[in-house]
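One line per chain: the protein sequences are L and G, in this order. Residues in the first sequence are numbered from 0 upward in steps of one, following numbering that gives the first Met the number 0. Residues in the second sequence are numbered from 0 upward in steps of one, following numbering that gives the first Met the number 0.
Please keep in mind that the hints were generated in silico from the structure rather than gathered at the bench. It is possible that some hints are incorrect.
[Claimed, not checked] Derived CB-CB ranges, DEER-like:
hint	chain 1	residue 1	chain 2	residue 2	range
1	G	D35	L	C168	40 to 46 angstroms
2	G	G42	L	E146	49 to 55 angstroms
3	L	H206	G	M44	41 to 47 angstroms
[Stated by the list, open to error] Anything over 10 angstroms on all C-beta distances counts as not near chain G; from chain L, calculated:
hint	residue
4	E39
5	E43
6	G62
7	K64
8	P163
9	N190
10	D198
11	A278
[Stated by the list, open to error] Interface residues of chain L toward chain G, partial, derived using beta-carbon atoms under 7 angstroms:
hint	residue
12	G22
13	F25
14	N191
15	P193
16	S240
17	L250
18	L260
We treat Cβ as the ideally placed atom computed from N, Cα and C, and that holds for glycine.
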Amino acid sequence: MTHMIIDPHAHIIPVREPVWGWGPNFTVERLLAMMDRDYEIFGEIKHVAKAVVMTGLGLTSVGHKSLAEAHAYTLASVKAHADRLYLNPVINPRSYVPDQLYQIRDWKDEYNVRMLKIHPSMHNYYLPTYSPFPGDVSKKMIYPIFELARELDVPVMIHMGETPYAMPCQIAPVAEAFSNVPILVAHSGANNIPANANDAILLARTHDNVFLGLSWVQPPEMWQMYYALGASKMVWESDCSPQSMGQSLRLVTNLHLSPPLGVGASVEEVYRILGGNAAELCGIDG
Amino acid sequence: MTTPIIDCLTHISTGPDDVIGWGPRFLAEDLLALMDTPRRVLGEMRTVDKAVVFPALGLTVPTSPLSFEEQHAYVAESVARHPDRLIGGIALQPRLWSDAVADRIRQMVRTGGFKMLYLNPSLYKFWLPIKTPSESAGSRKLLYPIFELAQELDIPIYIHTGEQPYALPATADFIAGAFPQVKIILGHLGTQGELYTIEALLVADRHPNVYLETSWAMPHMLIEAVHEVGAARLLFGSNTPPLEQTQQIMNVAEALAFAPPIGMAAAEADIRHVLGGNLARLLGLQEEHDDTHDH
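Just chain G, same shape as in the assembly (with noise of 0.2 angstroms):
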């Protein structure tokens, strides 16, 4: 069986993200589409498998009328009509945590198609636990409640970073390491450049559960992640929208495949694994496609 291709990191909403800004709307059918468009990968005509959705960030900020369930709804529902393509994707702003959400979170993981938790620092304004207990005693009591269900659960969680102050990738090193059992993505290799993509790589390389999504990277830094962490713990992320997929698919195939100096001639398995195998493994996928097994 092919190795498919799987999206980490993608967003549907009936309306604009008045937030990010982007629009007018991005439907689960454009998505679909945009999956069903056949494009050239390692020498094949391929579409991509399935996609990880998560809703419109903006439809989750704190300032959001929305309750936890109305942000949810599209996602649910588009999922619910298209359970073989599309894995749900929890994006959870920490301040609506209590036990009915946790409960909710529950059932949508059980029975609904979600496979992944999203938080998003900057966005949600929280800080990542770090050690001085007087700046980290509220943000445990915000994350790890969130951390422990993840465990319960069994499923990752996707850490946005990229930006100051809140979005910094080595904050993540704290939690990651308060939770060893609980696999994090950090979010768009640290960063959407070069900046902090190097901080990204440190925490990874300290904590054997973090693991890298790859939507905004800098080619030469895929080539760097790849020779830091090795490609198992990388992850295909378009980011659509507002990325396109296919471009991101390019990104990341032509920095991995071609020789040296503008790529790293990176075995073909491996490259299969980043775009869809690894993310089919860590979300117990396993089962629908065999060859992932092999890595």
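So that you can see chain L by itself, here it is in the shape it has in the complex (with noise of 0.2 angstroms):
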């Protein structure tokens, strides 16, 4: 396995983000320039070599942006940056399902896309329940999608992380009605409340096709997910911007350090969680 570091969770926008409020803006070029920071990761100098991308999630929530729309300078700063970024379009299933979702596939190959990403809170709605009410209109919205993601050989990233859409056991049903997609839980639920990663763990350990993203997630719940779970099922994710990637790196490097300060990953569990897992996800050479 190659020792490089992936980031499946970044943002680029080139206007300040429309519902986060974060500004004045965090362009492709700023991403670009975080990535090649000198990062310290067992006594050598790395840098982030790939990411995959999403546009602000704002641009898809307010505004009535097409998902063409919402994307341009996303997919503009993909292909400008072919050899390291990748696309990860966000889909607001209120706006764009179905009649815009065969965008994505004209998308694939001219614009590297590696991934899909839903956003229960940002665009407010139930992934599918058990019950009928609300699952079944949740599956009218949410089902073209991980059609769409088994269709490209893609995984299906979930954003999680309060109540009451994003709570990651919500995430089961879907998870078993698509068993063959990969689902990656961004945050692991951790964004608001640590211990929801908890929760994340379970449906991990009880779903094969769930792997759980580190952003936000504290030491604690991440020790656990590596005795719950092993360093396969964990991958790194920086969800910079807003968040910066140094502190986030130095979160996973520690795994390798003995108790009480890490639980003694080895290196190459480490680099697993920091890109060999995000690579095998999404496709992406080493």
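Using the hints, put the two chains back together into the complex; each one sits in its own frame.
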């Protein structure tokens, strides 16, 4: 396995983010500069080699932008840096399903599409439930996205972290309905309450196709993940912007430390988390 | 003289902490080795100058069979061996309070290198006082003598915050107002995530004697803290172990130093004060670090 660092969770936007409010921008040049900073990893200076980028989420939520309009800057940026950047289109199922989804099929090769992103909190919907209400309505919105993911052979990243729409175990019904589609649980649900990651750990233990993203996850839950799931289901992600990369990488490399500061994970396991798993999930060559 | 880096919250122990859940041990030497590992901070290779050390909290819970003296024996011994690097912290389970314990605390502060008290409402099982007399009479009886002693000795009290039901940051509001002369440090920026940070900031905004410690803090909430109460009341703490000092320094430095939206492009002098200058001033270490006067 190569020791390449891959960030499968980054956002770029040329203007102030219209929902979160952060700004004044986070351009592709700023993302690349962040990736190219010197990060000390096991005594070596390393850089983040590649990233899977999303647009600013708010562009898909407010302002009635089409899928293409919300992604215009991201598409151009990925194309301009095709050797380093891949696209994760953010799908607002209330606006883009079913009429605009076909465009992603067209983008697949031209714009390096390697994942699909859905965000139940940003777009106000429940994931499919076991019960028909609201499950039936949700299935009409969400199943076409999973069918597209299966067709394109890419994973689906699902934002998790808040009530009422984004508690990790709410993923279970769709994970079972599409057991051959890998699901990456963004933030492992830990971005507001760290203990929510325990919910994600149980989900990943019981569903082979569920993988856990590590942005916002605190060390105790990360250690629990390591022992409960092993390194092969843990995926470093920065959520940059707004998160920085250095402190986030350090959280993962600290897994190599002996207790009580880490779990004694091997160097190979740490690199698997820092890039190996993302490379396999997203089909990125080392 | 360079502004020192001082860690507001660390723990050392010769055995595991079976309550918090870390182990097998974290000796003073382990902490010092970590402090002495150079890391890049604001463009310079830096070590950590000093740390406030508390016992492993598991030793201090109400079910502990150890006396107050026994709970603090290893910390006291370590501070005595490394008085230039380690500052003693007293984790006080309030139900151990007695005249003898109060006298021992006076001695630890006056001659033993101890400079901070620590209270943990969750682990020690008490409510901070509220206004309703029937609810808070017991709490006042338990805690007021401790706050009076802190006032007498002029040392800050660190209050752990971050969970329901005992450690909600807003519940520190009343006692912060009742003892305006006592410096209160709200632990973990009110949380071990994001949920209660705003509460902690509101309490700090209302009371100039309230400070905020940074361990576990979400980066964007560190930015909010500086905007709300100013950098002068933010104190770097790592909570090592279980957290790791270098990562926690990076957490603070990157959030405050980087340009928006990653950070807030704070003045470098402000960041250095968060990393140690503020705590030096709070603990009366100015004589050793002259440039902490400049804030």
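Results for each hint:
For D35 of chain G paired with C168 of chain L, a C-beta distance near 44 angstroms keeps the hint of 40 to 46 angstroms intact. At roughly 51 angstroms, the beta carbons of G42 of chain G and E146 of chain L sit within the given window of 49 to 55 angstroms. Between H206 of chain L and M44 of chain G the Cβ separation comes to about 45 angstroms, which falls inside the hinted range of 41 to 47 angstroms. A Cβ of chain G approaches the Cβ of E39 of chain L within 10 angstroms, the least distance being about 8 angstroms, so the stated non-interface status is violated.
Distance to chain G confirms E43 of chain L as a non-interface residue, since its nearest Cβ pair spans about 14 angstroms, more than 10 angstroms. For G62 of chain L, the condition that its CB be more than 10 angstroms from all CB atoms of chain G holds, with the nearest at approximately 19 angstroms. Distance check for K64 of chain L against chain G: the nearest CB is about 20 angstroms away, which clears 10 angstroms, and the non-interface claim stands. With a cut of 10 angstroms on Cβ distances, P163 of chain L stays outside the contact zone with chain G, its closest approach being about 15 angstroms.
Taking the minimum C-beta to C-beta distance to chain G, about 7 angstroms, the non-interface status of N190 of chain L is violated against the 10 angstroms cut. Remark: the non-interface label on D198 of chain L is consistent with the geometry, its nearest Cβ contact in chain G lying 14 angstroms away (cut-off 10 angstroms). Residue-level check passed: A278 of chain L sits 25 angstroms from the nearest beta carbon of chain G, beyond 10 angstroms. At about 6 angstroms, the closest approach between the beta carbon of G22 of chain L and any beta carbon in chain G falls short of 7 angstroms, and the interface hint on this residue holds.
Given the 7 angstroms rule on beta carbons, the hint for F25 of chain L holds: about 6 angstroms separates it from the nearest Cβ of chain G. Hint on N191 of chain L holds. Least Cβ distance to chain G is approximately 5 angstroms, under the 7 angstroms limit. Interface hint at P193 of chain L: satisfied, since its Cβ lies 4 angstroms from the closest Cβ of chain G, which is below the 7 angstroms cut-off. At a threshold of 7 angstroms, the smallest CB-CB gap from S240 of chain L to chain G is about 5 angstroms, leaving the interface hint in force.
Residue-level restraint check for L250 of chain L holds (minimum Cβ-Cβ distance to chain G is 6 angstroms; threshold 7 angstroms). At about 5 angstroms, the closest approach between the beta carbon of L260 of chain L and any beta carbon in chain G falls short of 7 angstroms, and the interface hint on this residue holds.
In summary, the structure is inconsistent with hints 4 and 9 from the numbered list given earlier, while agreeing with the others.
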